[in-house]
Amino acid sequence: MVDILDDPYQTLGVARDASAKDIRAAYRKLAKQHHPDLNPGSKTSEERFKAISVANELLSDVEKRAKFDRGEIDAAGQEHAPRPSYREYADAEGGRRYTGSARGESFSDIFGGMFDDGHHPSGPRHGRDEHYTLATEFLDAIIGATRRLVLPDGRSLDVKIPAGTRDGQILRLRGQGQSGGPGGINGDALIEIHVRPHGFFQRNGQDIDLELPVTLHEATLGGMVEIPTPAGTVRMRVPPQSDSGTKLRLRGRGVPAHGALPAGDLHATLRVVLGKPDPALEEFLRGWTPESPANPRSAMETKS
Amino acid sequence: MTGIEMLMTAVASLQRDDLERWIANQWVRPDGQPGEYVFREIDVARVTLILELRDELHIDEEMLPVVLSLMDQVYDLRRRLRRLDDAIATIAPENVRRELVAYIADPSP
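Heads up: the protein sequence lines correspond to chains X and Z, in order.
First residue of the first sequence: 1, per this note's numbering; consecutive thereafter.
First residue of the second sequence: 1, per this note's numbering; consecutive thereafter.
Don't read these hints as lab results, they were simulated from the structure.
Just so you know, even glycine gets a beta-carbon here, dropped at the ideal spot from N, CA and C.
Misleading hints may appear alongside valid ones.
Quick list of in silico lysine to aspartate or glutamate cross-link-like pairs, EDC-like style, CA-CA up to 16 Å [unchecked claim]:
hint : chain 1 : residue 1 : chain 2 : residue 2
1    : X       : K32       : Z       : E20
2    : X       : K247      : X       : E57
3    : X       : K29       : Z       : E56
Chain Z stretches covered by chain X per the calculated footprint, using a threshold of three residues with CB under 8 Å from any CB of chain X [said to hold, decoys possible]:
hint : region
4    : 55-62
5    : 90-104
In isolation and in its complexed conformation, chain X is listed as follows (with noise of 0.2 Å):
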């Protein structure tokens, strides 16, 4: 049984006017972090993923979106097809057949001496892991940093977080856990990230966010502005008649490129502010009569 929300706008966190775009946005964010098969064994995620599945469906079908509005249908008023899972194949030992990878790559590095040949590990005694945390900022995170960490011993680390580091993300620092006594190998120091939020940035994969705000002025006739990005200030060219909501994207000044991935985009997304009251700017308004009249919210009138 899904345990459906009684209102599909809360499962998916959208306003009740979110258009179709958000709607989608909104779904495709929540289906990545609970689909089963990128969480499997998670009965949690299962239950989620269901319940945002079903929101979807009817959201994102004008028809239903309008029955379930105007009261005519709830929240589980929809047949949902069951869909064919590949966990329940992979979590199987017919799972075998995509093992690993291609060529057959096994964890013969934790499980070597159990399953690969058969004899236990002797030999040096192994030290234990050690469990830190380590709270950085988000710019550290995004462009990376040193960072010294005191631990409860009075031992202090210096700690490499690398570029593109990510909220939760653990780091290994070999050997530097508990000691494994004479002969022994030393554990290792296993330091979770903690990223702090930013201000005005946010972080979106390899992608980063920022509202920007720009005078009337500019959006209407354009111009140089200058926009913040993690690696300094880059000035771009607002289009003439650029509305709020409207999206620039600056190719590359996201997240930088680290490990196989390629460096992010930065999207600015643009807020109009029209700033302190200015009489000249009333004066001409109450003066002017535009070309071509528009009503912005005609598509918000309803028939009846």
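Once you have looked at the hints, place chain Z on chain X.
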């Protein structure tokens, strides 16, 4: 078990050249030879999964091998852990099992 024609019919949104590229990339590994592939149920489920990841979740084909590889590794780990769990339950005496549980449950040394 099913052939390529049956598979194309069963999975409506599947394009033949997509499928052939995925097989060439070894993301999907049917039995048999080109021209006479045989797909097991797990292959069909995997094709559906790849479509869902690509088309629903917008994980493009650049990123797909990363996602699939990590997923395969997680499933592989899960199968091995379950096997280990079975082995312990079957072979280890009661007191050893209790000690193992206590060791794993205790996060600090």
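Hint check results:
1. A C-alpha spacing of about 26 Å is found between K32 (chain X) and E20 (chain Z), which places the hinted pair above 16 Å, so the restraint is violated.
2. Using a Cα cut-off of 16 Å, the hinted pair K247 (chain X) and E57 (chain X) is violated, with the two alpha carbons roughly 27 Å apart.
3. At most 16 Å may separate the alpha-carbon atoms for a hinted pair to count; K29 (chain X) and E56 (chain Z) meet this at roughly 11 Å.
4. Requiring three or more residues with a Cβ within less than 8 Å of a Cβ of chain X, the coverage given for the region 55-62 of chain Z holds, as 4 such residues are present.
5. Counting residues of the region 90-104 of chain Z whose beta carbon lies closer than 8 Å to any beta carbon of chain X gives 0, which falls short of the minimum of three for the stated coverage.
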